[in-house]
Amino acid sequence: MPEIRLNCLVIPSDSVGNITQQHVITIKINNNESIHSLRSQIKKEHTSQFDNIPITEFVVYAIPLNSDKVLASVNTEGVMIIVNSGRQDEGQVLILMHNILDHFSKQPSEKDIHIIIYLNIQTSQ
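One point on numbering: in my numbering, the residue at position 111 of the sequence shown is 111, and numbering is uninterrupted.
Read the hints as simulated data drawn from the structure, not as lab findings.
Where hints are given, some of them may not hold.
To be verified - Quick list of in silico lysine to aspartate or glutamate cross-link-like pairs, EDC-like style, CA-CA up to 20 Å: (1) K43 / E33; (2) K111 / E77; (3) K69 / D112.
With the hints as constraints, model all of the structure from the sequences given.
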């Protein structure tokens, strides 16, 4: 199966209002892999951001795609505005047992954000 590139916006709980495109990470993965595999790869490749966060503590959301299945229904700028406003309802929760192919049947536009991950970072008191 083909490898696709997904742009993932990682949002730490303590930085809402300060999210920039520097919070975007890119993952290359075969689209026949599961959403759980995507989550595992994100954690593995970007360990520093996920050091103290168990894999079960972050949820993968997908930005809905237009009918062409290539362009996101909300562009990158729009996603940034939404998440910086503090809203956490953007995107559709992806089911871990489903394949990436179920949501991304072909390579989506490389200019869009495809995945949002909200991190609930606990700070020690």
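Going through the hints against the structure:
With a C-alpha separation of about 15 Å, the suggested pair K43 and E33 falls inside the 20 Å cut-off, and the hint holds. A hinted pair counts as satisfied when its Cα atoms are at most 20 Å apart, and K111 with E77 qualifies at roughly 10 Å. As the CA atoms of K69 and D112 are separated by approximately 12 Å, the hinted pair is consistent with the 20 Å bound.
The structure agrees with every numbered hint stated previously.
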